[in-house]
Amino acid sequence: MNDNKQTRLVLVVLTATFAMLAVAFSLDLFGKFHPVREIPLVDRELLKTETWRRSYANLVSAKAELDDFDCYTCHEKGKKPVLKYDAKQQLIIPDEHSDIVMGHGTHGRNNNCFNCHDDENLEQLQPRDGRALKFEQSTMLCGSCHGPTYRDWEAGMHGRTSGYWNRTKEGMEQGKFDGPFKKQDCVNCHNPHSPKFPGRQPAPPPNYLREKHPDTDSSHTSH
Amino acid sequence: MDPLSDAPPTSAAPAMNRRGFLRSSAVFGVGAAALAASLKPLLELKDFSSMEKFLQKYYREMTPADMEKVLTRITNEVERQYGLRPEVRDLKPMDGVSFVYALNLTRCIGCRKCVHACVNENNQSRSPEIQYIRVLKMPHGSLDIEKSDHDYNPEKVPEKGFFYMPVQCQQCAKPPCVKVCPVHATWQEADGIVAIDYDWCIGCRYCMAACPYGARHFNFTKPLIPKDRLNPKMAYLGNRPRTMGVTEKCHFCIQRTRAGRYPACLEVCPAGARKFGNILDPDSEVSKILATKRVFIQLKEDLGTSPRFFYYFDV
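Chains as they are written, first to last, in the numbering used here: chain A, 752 to 974; chain B, 48 to 362.
So that you can see chain A by itself, here it is in the shape it has in the complex:
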């Protein structure tokens, strides 16, 4: 008789426990799951692989406006433009060219337009060796002074590359692992008048270490 009572007691207690658990679960009384604070998604602009600048060749292939390269709408043919310098031997940039910021070379010492542009034909470039280069060939102009950098660029060591890494003959024969490899021109990244990269806003820093519970956000300062 005693055993029977005990069994019944245990059963009742168990049933009650389960019933209470059932109520608790269905009402979600136990620590409600707090979804982690949503971290804002990164701007898709940051994921783009485009270069910062567009070269003349890019503009031509994109059929973009080329007014900027049409020198003889303003300049007179056969007449060499005159450069003006201030007392500190700094080039005075005329108002018509106010978009140009000169900053090429340390202390702005590369301050003669005709170090690179052809003064006889403004729609051409002219390195110091006297060759005439088109705007599309600007990389060769840069290379005429920046030899080591040009050498590195040719080998793919300087500058941006994209596409496929395998350029060996075997890779070519395999075919399936080989594809276009693309190098960028100097002016795709550097502004030729001021080649040093300007500062840019960085992408957002990591969030995970500062992840806080929504309830404790304010109490964080106290510790």
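Keep in mind that a hint or two might mislead.
Straight-line C-alpha distance at most 30 Å; calculated DSSO-like pairs for lysine-lysine [as the list claims (entries may be wrong)]:
no., chain 1, residue 1, chain 2, residue 2
1, B, Lys194, A, Lys934
2, A, Lys799, B, Lys274
3, B, Lys203, B, Lys221
4, B, Lys335, A, Lys947
5, A, Lys933, B, Lys203
Examples of chain A residues lying across from chain B (beta carbon under 7 Å, computed) [stated by the list, open to error]:
no., residue
6, Gly881
7, Ala906
8, Gly907
9, Pro953
No lab work stands behind these hints: they were computed from the structure. Quick caveat: nothing in here was measured; it's all calculated off a predicted structure. We put the beta carbon where it would ideally sit given N, CA and C, even for glycine.
Here the structure of chain A is known, so what remains is to put chain B in place on it, guided by the hints.
Coordinates of chain B only, in the frame set by chain A:
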């Protein structure tokens, strides 16, 4: 008190009468309902691994037919979860290819574009955030990683007097993470990539403790990837979505590089600081860099991990 003569069943088993039966069946019913209700949280385990996954073989023991089945399973799972049919492949290492990464510390401007391109390419969890690349900011003339800052957020980078050092998995030739894995869920492939089989990982996190570069990351919760940000080009050892409770890390974008393409972090780098290629090809960029540039460190060289990731300077 002879049990045979005294009709013992009635006295010993009172439950046989009508009231007793009703009472005990009511108790039983309530109990069963309560038990079912208390097991309710189990229903919320939506991504409970399938029997197929449970019985799946070890990656390196799978036959091509096994792999085909596994890839179909993964494709279906991803489609069910994200409503997008991915292209999941199992890419093998190529013959005569050994990958090396080189990073030009002179060129890196610390813009962190690589970090986010990587997250986007490799389907990392957005919340909580998992990032394979960490960009460390250090003052010029020092290389004290302990004092570096990865939380910098100025108006503009690069800041004067500082340089930036992105750190990710170094794909060591002697990887400590592989050494400690108790179930061989991570190993070094023939092309040098240290790969993880996410279906074999038991989540013990020994590898995270062993890695001197903090390159391994753990999925403490189910990774959150918005559907419209899922990259459908996936590889088994690469960027297929991970589950809760497994580690993950940079794998040199296995789904891209083993198909011949450059890694995502390289393609997005606006300064051209990142270089990648086959060290066995003497004409590759990385071969030339290691031959001609001032390759200054393998990070934490003294630990003898022999990374495949090299930092170098111009000039």
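Here's how the hints hold up against the structure:
Restraint check: the Cα-Cα separation between Lys194 of chain B and Lys934 of chain A comes to about 36 Å, which exceeds 30 Å; the hinted pair is violated. This hinted pair checks out: Lys799 of chain A and Lys274 of chain B have alpha carbons roughly 19 Å apart, not beyond 30 Å. This hinted pair does not check out: Lys203 of chain B and Lys221 of chain B have alpha carbons roughly 38 Å apart, beyond 30 Å. Among the hinted pairs, Lys335 of chain B with Lys947 of chain A is consistent with the structure: their alpha-carbon atoms are about 25 Å apart, no more than 30 Å.
Distance check on the hinted pair: Lys933 of chain A and Lys203 of chain B sit about 29 Å apart at the alpha-carbon level, within 30 Å; holds. Taken as an interface hint, Gly881 of chain A does not check out: its beta carbon lies about 29 Å from the nearest beta carbon of chain B, beyond 7 Å. Given the 7 Å rule on beta carbons, the hint for Ala906 of chain A holds: about 5 Å separates it from the nearest Cβ of chain B. At about 4 Å, the closest approach between the beta carbon of Gly907 of chain A and any beta carbon in chain B falls short of 7 Å, and the interface hint on this residue holds.
A distance limit of 7 Å between C-beta atoms decides the matter here; for Pro953 of chain A the minimum to chain B is near 5 Å, and the interface restraint holds.
Going down the numbered hints, you'll see the structure goes against 1, 3 and 6, while the others check out.
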